[in-house]
Amino acid sequence: KAGVTQTPRYLIKTRGQQVTLSCSPISGHRSVSWYQQTPGQGLQFLFEYFSETQRNKGNFPGRFSGRQFSNSRSEMNVSTLELGDSALYLCASSPRDSLNEKLFFGSGTQLSVL
Amino acid sequence: GESVGLHLPTLSVQEGDNSIINCAYSNSASDYFIWYKQESGKGPQFIIDIRSNMDKRQGQRVTVLLNKTVKHLSLQIAATQPGDSAVYFCAEMEYSTLTFGKGTMLLVSP
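Protein chains in written order, with my numbering: chain Y, 1 to 114; chain R, 115 to 224.
Calculated directly from the structure, the hints in this document are not laboratory data.
Remember, it's a predicted structure, so these values are computed and weren't measured experimentally.
Where hints are given, some of them may not hold.
Said to hold, decoys possible - As a list, the in silico BS3-like pairs of lysine-lysine whose alpha-carbon atoms are at most 30 Å apart:
#: 1; chain 1: Y; residue 1: K13; chain 2: Y; residue 2: K57
#: 2; chain 1: Y; residue 1: K102; chain 2: R; residue 2: K170
#: 3; chain 1: R; residue 1: K185; chain 2: R; residue 2: K216
#: 4; chain 1: R; residue 1: K170; chain 2: R; residue 2: K156
#: 5; chain 1: Y; residue 1: K102; chain 2: R; residue 2: K151
#: 6; chain 1: R; residue 1: K216; chain 2: Y; residue 2: K13
#: 7; chain 1: R; residue 1: K185; chain 2: R; residue 2: K151
#: 8; chain 1: R; residue 1: K151; chain 2: Y; residue 2: K57
#: 9; chain 1: R; residue 1: K170; chain 2: R; residue 2: K216
#: 10; chain 1: Y; residue 1: K57; chain 2: R; residue 2: K156
#: 11; chain 1: Y; residue 1: K102; chain 2: Y; residue 2: K57
#: 12; chain 1: Y; residue 1: K13; chain 2: R; residue 2: K185
#: 13; chain 1: R; residue 1: K156; chain 2: R; residue 2: K185
#: 14; chain 1: R; residue 1: K182; chain 2: Y; residue 2: K102
#: 15; chain 1: R; residue 1: K156; chain 2: Y; residue 2: K13
#: 16; chain 1: R; residue 1: K185; chain 2: Y; residue 2: K57
#: 17; chain 1: R; residue 1: K170; chain 2: R; residue 2: K151
#: 18; chain 1: R; residue 1: K182; chain 2: R; residue 2: K170
#: 19; chain 1: Y; residue 1: K57; chain 2: R; residue 2: K216
#: 20; chain 1: R; residue 1: K182; chain 2: Y; residue 2: K13
#: 21; chain 1: R; residue 1: K182; chain 2: R; residue 2: K151
#: 22; chain 1: R; residue 1: K216; chain 2: R; residue 2: K156
#: 23; chain 1: R; residue 1: K151; chain 2: R; residue 2: K216
#: 24; chain 1: Y; residue 1: K13; chain 2: R; residue 2: K170
#: 25; chain 1: R; residue 1: K170; chain 2: R; residue 2: K185
#: 26; chain 1: R; residue 1: K156; chain 2: Y; residue 2: K102
#: 27; chain 1: R; residue 1: K216; chain 2: R; residue 2: K182
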């Protein structure tokens, strides 16, 4: 079974631009979560989508948004980029049923904002 | 303000030793806990999990211990190998959201 796939692997943007990151979950997984990882703050939860609906949202400004498609693939968008948005953005998928809540992570998209 | 890089606690061991990585969690309502391993340039990799109705769970070379009284979690790695060198995170889950600890760097020397 293929793992969680994130594209692109690396991105360089400038302040004020916007960016869209993509995530393909493990086949059969209906939940996709996004996390931001920085040296200063560690791993922080952004949001979770399940069956195309946002179920949870972390403490991030409205510039951070996401969506999930009917095939469970997900995208996240960051608008009006700031230098502090430079981070590794990680996507995780999960079956999210009563027997299995394990999250499996992709390798991430490394975003650099100049 | 200026962001400061995390100064990860580091555990240095010799190959073949047993390693114990500790984690304190904050939310007494958390009912599910996971240990992840993250190697450089990769995403976190699932190692082992435990539910709050258990106090010990064993996997291949790894054991997780949960002490709910003091909100403490530990990961024991038997016969540590150089390939175990990585950053290890504990995470607690509540309402489908993982809250990660700051991580511990494990360095294994041959």
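Next item on the list: Go through the numbered hints given earlier and state which of them the structure violates, listing their numbers in rising order.
Entry: When the structure is compared with the hints, numbers 12, 20 and 24 turn out to be violated.
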